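Trainee: Read off the chains here:
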Amino acid sequence: MSARAIRCARGVVLLTLALAGPAQAQTAGPSPAPDHMPKPGMTAPEMAGRAAGRFPQPVRVGDLPGRLLLQPEESQPVLGRVTGLVRRNDGGADVIVRLDGVLGLTWLGLQPVAWSGVGSRLVAVPVEAVALLGEHVALMGLTPERLRALPAFAPGSATAVQPDETLRLGIVRPFH
Amino acid sequence: MRSPFRPRTVPDPGILDDHRPLVRQIERRGLLRGGLTLGALTMLTGCDVTDTTAVGRALRAVSNFNDGVQAALFDPRKLAPEYPASQVLKPPRFNAYYDVEDVKPIDGAAWRLELAGLISDKRPWTRRQIAELPEREIIIRHVCVEGWDYIGQWSGVPLRAFLECVGADLTAKYVAFKSADDYPSSIDMASALHPQTLLATRYAGAELPDPYGYPLRLRTAVKLGFKNPKWITAIEVTNTYPGGYWENRGFNWFAGL
Amino acid sequence: MKMNAIRSRRRLHPWPVRIMHWTNAVAMVVLIGSGCGIYDDSVIIHGVYFPKAIRLGSWAAESLLWHFAAMWLLVANGGAYLVYGVATGRLRERLLPIRPSDIVQTVRDTLRLKLAHEDLTTYNAVQKILYIVAILAGISQVVSGLAIWKPVQFSGLVALLGGFQGARLVHFAGMAVLAGFLAIHVVLALLVPRTLWAMLTGGPVRQPALPAVAREAAR
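Respectively, the protein sequence lines represent chains S, U and A. According to my numbering, the residues represented by the first sequence are 1 to 176, in order. According to my numbering, the residues represented by the second sequence are 1 to 257, in order. According to my numbering, the residues represented by the third sequence are 1 to 219, in order.
Calculated directly from the structure, the hints in this document are not laboratory data. Please read all numbers here as calculations on a predicted model, not as lab measurements. The beta-carbon is built from N, C-alpha and C at its ideal position, and this holds for glycine as well. Accuracy of the hints is not assured; some may be wrong.
Claimed, not checked - When the alpha-carbon atoms are kept at most 27 Å apart in a straight line, the in silico BS3-like pairs for lysine-lysine are as follows:
| no. | chain 1 | residue 1 | chain 2 | residue 2 |
| --- | --- | --- | --- | --- |
| 1 | U | Lys173 | U | Lys90 |
| 2 | U | Lys90 | U | Lys104 |
| 3 | U | Lys90 | A | Lys150 |
| 4 | A | Lys150 | U | Lys78 |
| 5 | U | Lys173 | A | Lys150 |
| 6 | U | Lys173 | U | Lys122 |
Claimed, not checked - These stretches of chain S come out as covered by chain U in the derived footprint (C-beta under 8 Å, 3 or more residues):
| no. | segment |
| --- | --- |
| 7 | 56-67 |
| 8 | 127-140 |
| 9 | 163-176 |
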């Protein structure tokens, strides 16, 4: 029974491939792959330099909490959710992001509940490391590994930026 | 004044003699088709269409047929839904065929909007002259061919008012645009005359920021996002199918919502 | 009575049904493959993404060309099928009635791997439900597809489906239902190859339909 099922599944895939084949031979092609992937080990000035090149636009701080933080690749995986912004000692600002907990609900596609899950924690990400992607926020200056390696942020350990304040954040085009 | 839509250097007329048999064949084909349909035009002008396989041609033919279906479905009096200001995304989503880092801002003082084709008054326009025209604001959904959408608040001159003002032939088939980022585009006249089609100069009440097309872009509620060229430098009214950046690469031309 | 006599001499799958079945199979595979390519251009569920191997079209524009070509094939064929099915009474005759007791019985049989296919001319209750779900999903795909294609001309549909992304989600879910149907359908057809053969050649000449009571007694 299972061998038959596998054979049939393979048949479906082959049929799809056979149909996809001629299409793939025709190439017009989308625009070249964008050079927006974060470089591992980027220094703070480098990060700020790249952020400045992304045409920072005014955004109301109160409009940011609740936005998804996305990884800049085609499948747009969710890395976390923005909870607010705090002032840094150097006058800049950090985006506070809640990372997914041990249940891995983000991975399962359950974004609405993932950040209330067990083991989720907050991290502070420099605003220079993120950019606005429509109604989302994309992680541009850090790799996901470095994001997850950031120390936990203790709520109340820094001054919150008020919702009515306006900040400038870089923008980015969709990833594909 | 030379039309901005025509090449600066004219090709050697000898080319015509070299390719006379081919030209004659094309003319014959045109006659056989009993006139120039949109489909025939697309086939003949060809542009950057690299897909010449039989399957590719068949798919293109269906796409051209769909242009006609969409034109028939298009109701010029049907207004797109408008939304409350509280739903407006600020700033809007950015998109282009290149990264945002490569956006080249335009000097608004030196900028001119040039006109070409079936327009009686082809004098170029400055920003200040355009600002004196009547303005309209629309809060509409932007739908991208990729699949994402957002609500945006745009203001500017209705394209209909502008075309009437410059004495454009409103019975012509196409309105074509040239832009500073080499992103040509074109729409059908019926969509150009739709009340929710603007030459936008502002977003959410503020001057259009650089990456969104300052000083002038098209914003129409009845077309997909890629039919809204930014940083417009010239407008032409024509009966010759003008194509466009993505249209020449395989996206459907009419792309109506 | 005379009508019944004519109908009883019909083959299990008359030629129009076979043509429409295979046309529909091609249209569905093309629509699913190209739909995956369109989906990938801007994912609906973050992290859910289709590999290039199952996408039809080397990039979004090509996938769209395929999708809108297969769309006409599906609409024309599906419309013809519904008209044919209603006009000849095939839909009602083969898909109705569905009794709850039959469903329980068929599910029980299926779980015990007792795939009763001795008689190809009648569908069991689960088969009936599967076919009805597939037809309803197909209709839902047309409605949600229309909303995505023409969100201004049919703005009422978009509002009904909970906005543009809602319409996309419904269209995606409908595709998932149809893909699931397709998988079950193909597996079952391969397990009982006579059904596949019947859909190619027309199958056995049908016996006059027995009244429900007689069928019940024959069990």
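Trainee: Confirm or reject each hint.
Mentor: Verification of the hints:
For a cut-off of 27 Å, the pair hint linking U:Lys173 to U:Lys90 is broken: about 35 Å separates their Cα positions. Of the supplied pair hints, the one linking U:Lys90 and U:Lys104 holds, its CA atoms being roughly 21 Å apart against a limit of 27 Å. A C-alpha spacing of about 25 Å is found between U:Lys90 and A:Lys150, which places the hinted pair at or below 27 Å, so the restraint holds. A threshold of 27 Å between alpha carbons decides the hint, and for A:Lys150 with U:Lys78 the separation of about 12 Å falls inside it, so the pair holds.
Note on U:Lys173 and A:Lys150: the hinted pairing holds, with a Cα-Cα distance of about 22 Å set against a maximum of 27 Å. With a C-alpha separation of about 18 Å, the suggested pair U:Lys173 and U:Lys122 falls inside the 27 Å cut-off, and the hint holds. For the segment 56-67 of chain S, the stated coverage by chain U holds: 5 residues have a C-beta nearer than 8 Å to a C-beta of that chain, and at least 3 were required. Counting residues of the segment 127-140 of chain S whose C-beta lies closer than 8 Å to any C-beta of chain U gives 4; at least three are required, and the coverage claim holds.
Beta-carbon proximity to chain U at under 8 Å applies to 6 residues in the segment 163-176 of chain S; the threshold of 3 is reached and the given coverage holds.
Figure legend: structure checked against the earlier numbered hints; the only hint not met is number 1.
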